[in-house]
Structures are given as structure tokens and as C-alpha cells.
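J.: Here is how the chains run, residue by residue.
2 protein chains.
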Amino acid sequence: MKIAVLGTGLAGQTIGSKLVHLGHEVMMGSRDADNPKAVMWAKEEANPQHAIFGTFANAAAFGDVIFNCTLGAATLNALRLAGADNMKGKILIDTSNPLDYNGEVWTLTVCNDDSLGEQIQRTYPDTFVVKTLNTVNCNVMVDPDKLGEKTTVFLSGNSADAKASVNKYLHDWFGWRSVVDLGDITTSRGVEMYTILWRNIRLATSAQKFNIKVVSS
Amino acid sequence: MKIAVLGTGLAGQTIGSKLVHLGHEVMMGSRDADNPKAVMWAKEEANPQHAIFGTFANAAAFGDVIFNCTLGAATLNALRLAGADNMKGKILIDTSNPLDYNGEVWTLTVCNDDSLGEQIQRTYPDTFVVKTLNTVNCNVMVDPDKLGEKTTVFLSGNSADAKASVNKYLHDWFGWRSVVDLGDITTSRGVEMYTILWRNIRLATSAQKFNIKVVSS
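Order-wise, the sequence lines are chains X and D. First residue of the first sequence: 1, per the numbering used here; consecutive thereafter. First residue of the second sequence: 1, per the numbering used here; consecutive thereafter.
Don't take each hint at face value.
A pair counts as met if it fits within one copy or between any two copies, since identical chains are not told apart.
In the SDA-like style, the derived pairs of lysine to any residue whose C-alpha atoms are separated by at most 20 Å in a straight line are [what the hints assert, rightly or not]:
1) K90 - A61
2) K209 - A57
3) K168 - A204
4) K150 - V215
5) K37 - L10
6) K209 - V179
7) K209 - D181
8) K146 - S217
9) K43 - H21
10) K150 - N167
The hints are simulated quantities; they were obtained by calculation from the structure and are not laboratory data.
Construct the entire structure; sequences and hints are all you get.
T.: Have a look at this one:
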């Protein structure tokens, strides 16, 4: 499949590399067509024909599916550059969190009565936004089995079909076996607000890799 | 031990009953000394001498340890009625969440750059506020083993000694074996904000009893 990965940070590189290894064609998008991190990423991939790079718009036009791996604070601007037409009718897998990293204690730039997931969906009504993977670190995103237990990841989105597709991608590409569909895109609020607890758990436990598992009876 | 339980709802009744069964003397506090729910609760306990009731102030004065089980929206007023002097030098175990239940989607009345836990601690600087158990339903609070797996509960508070005591109470009274100390009272933000995800999980899974387990590697 042709897949766009918007963002050149750790999440974008980790997801991009995993997808290239699986045989997909991945275009990493960034503000500048020759972003040094994207250039370096493509160079280090074993299969360079399948690891290409370009602008946000190039990548969005290229991908049948689009991963948003930009920082939350930069997401809306990145998607504006990607262009509504290039994302029209496509699934946008939104892994971002609207975090403000300034200050010792992290806060969110939007929460409680709105979320970044909803802002994206409102801005691009013809794109199928599915929020997921934003509750785990990038090395857990693409390899949940490393944790030794079947932990949980969530889906938020308005389209049942798009969520079914993303559920299959999560399973087939990354190995996720416990995926909870939380409901429509307003449930992005919960998973985005959880990142504050995620941060606290990380600081408290010093765990490099962790996730939560929903246990019910 | 003499224990105060502020609030006559399900959480207060469940915690109160568990503590009475364990042999503690519990006073349930409410706005009115003869709150019908408190009267009924005390009447139904097998050991009525150990299940008594009174005003918030009566209960706070009675307890060596105080559980806040009031609704978040009512907490600050309830504690004002309980009285700073009655809580001075004592541990206040805060199980509440600042939820606004109006509207189909729950929101928080305070979050992101403040929390109810911090508001309580700021208002009562001579009381040792420890936020915990607010991430689970009341039937999980007092019987985590029912879930069949060792799930996680959290501690937030400024006093290491108070948290150590509460950790022991959680273990000895209720059977909690996985307790993560998140840090000072500002970490209340994360656990309170998590309740939005908690709500979404509950609606999505229809699970009567559930909790999250932190899995790390």
C-alpha cells in the first residue's frame, strides 16, 4: 500500500520504518521537501525505493492512508499545508497529542470540551479521521508484543468503516490484539487527556516501554 | 481505627461497609446529621455500634483518617462544613472527581492546569491530602481481586509519610497490590483527567467492573 507519514520525529520515523519493512511504499512528509531528518531516514532504510520523502502535500497526495505523526502543536498547520484535496476521502490516522511541553508540568492546548481529534475532523469533514496510538510511545506503537502482555489501544472516529480498516491495520501491521473502539471522534478527548496520566506514570516508574491493559470482569 | 467517610453515595457506603466489616469504627458524614441514606446504611450494618453517622463536622472530628467520597462538585463545600480544625494534621483520602454529569458527554469542572486534589490541598494546608481510588468504580475500590488480575491504582500527594500510610491502608484494607506513587498533588490532574477515558471505556465495553493495569518492560 502507499502510505503517507506526516512528521519526521521519532513517531513518524518508527512507524515509517515499520511500514517499509512490511513492504509498503512510504512517503514521509514535512514542511520542506528536503527536511534533513526525512532525508536521513530514507537513506538508512534498506529498501530506499520504498522510503521516499517530500512536502506534506506531496505525501498526502501519495498516500492511500495518511498517518499524522506531527507534534500536536504543529498538527493543524501541517494538515493545512497537506491540503484538504489531498486528504479527501482518505483515512487519516491521528497519533498526535495537543501537548504543551513548555514548563515542568505538561498541559494540553485543548481538552475537556474539545480535542485535537475533533478539531481535525471539523476542519476536514471529507477525511475519515481515526484517533489511535496516541496513548503509547512510538516503540510500543509498532511492537506491542514487546511488553509481554496483551495491552490495550483505542480507536475514536465517526466512521465505522474507517475504524474497521484501522483496526485491521493495527492488527496486521503492528500486532495489536486488544483494540477498544471508544466511539465517535469526541472520545478523542479521553485518550488525549490520558496523556497527562501517561506522563506521570512514565516519570514515576522510569519505564522505557509501558502501556495500560484494560481488565474487566 | 476511627474512620470518617464523607458522603453517603455508593462510594461512601461501599467503603464505609468494608471498613466496618474489617472491625473499624466508621462515621458517615453528610450535610444533615440524619441524612436518610446514612441512617439506612447504619441500620443495615451487622455491627451498628461501628456504623454511625453525623454531620460532615461530626465525622471529620471523629475520624483519625478521613475519606472524601462526596461528588466532586460538592466536595469543597462539604469540606468547608467539615471544618479545617477537624481535619488538621489528619490524612484526607480524596476519592472524588470534579465531574460535570450534565450533558451527554462528561466534562471536568477543573482540569489541565489545576485539579480538585490541588484545590483541596491549597484550601487545607494543614491536612495531608492523598488522592487515590478515583480511577476505579466503588466495587473495584474495595475488592480489586475480583478482576482476577493485579490491576493498578495510583497515589498523588505532597507527604511521603501520608502516602506510605495510605499505601498500607490500600493493601491491608482493600487488597491493592499494585500501587503507583505518581508524585506530588499536582499529579491529581492526570488521574482526574483519566476519568473521561474511564467513562469512554465503560460505555464502550459495558463492563460493570474494570480497571487498568500498567504493564511495563
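J.: Each hint: holds or not?
T.: Here is what the structure says about each hint:
Taking CA atoms no more than 20 Å apart as the test, K90 paired with A61 passes inside one copy only; the shortest distance there is 10 Å, against 62 Å between copies. In this assembly of identical chains, K209 and A57 lie within 20 Å of each other by CA distance neither inside one copy nor across copies; the values are 33 Å within and 46 Å between. Proximity of K168 and A204 under a CA criterion of 20 Å is satisfied inter-copy only: 19 Å between copies versus 33 Å inside one chain copy. Taking identical chains as interchangeable, the C-alpha atoms of K150 and V215 lie at most 20 Å apart whether they share a chain (10 Å) or sit on different chains (9 Å).
For the homomeric pair K37 and L10, the shortest alpha-carbon distance inside one copy (10 Å) is at most 20 Å, but the shortest distance between copies (54 Å) is not. In the homo-oligomer, the alpha carbons of K209 and V179 lie at most 20 Å apart both inside one protomer (18 Å) and across protomers (18 Å), since each shortest distance falls under that limit. Taking the shortest alpha-carbon separations for K209 and D181, only the inter-copy value of 18 Å comes in at or below 20 Å, while the best intra-copy value is 23 Å. In this assembly of identical chains, K146 and S217 lie within 20 Å of each other by CA distance solely across copies; the values are 8 Å between and 25 Å within a copy.
Only within a single protomer do K43 and H21 lie at most 20 Å apart by alpha-carbon distance; the minimum there is 14 Å, versus 67 Å between protomers. Only within a single protomer do K150 and N167 lie at most 20 Å apart by alpha-carbon distance; the minimum there is 15 Å, versus 27 Å between protomers.
Checked against the numbered hints given earlier, the structure breaks only hint 2 and satisfies all the rest.
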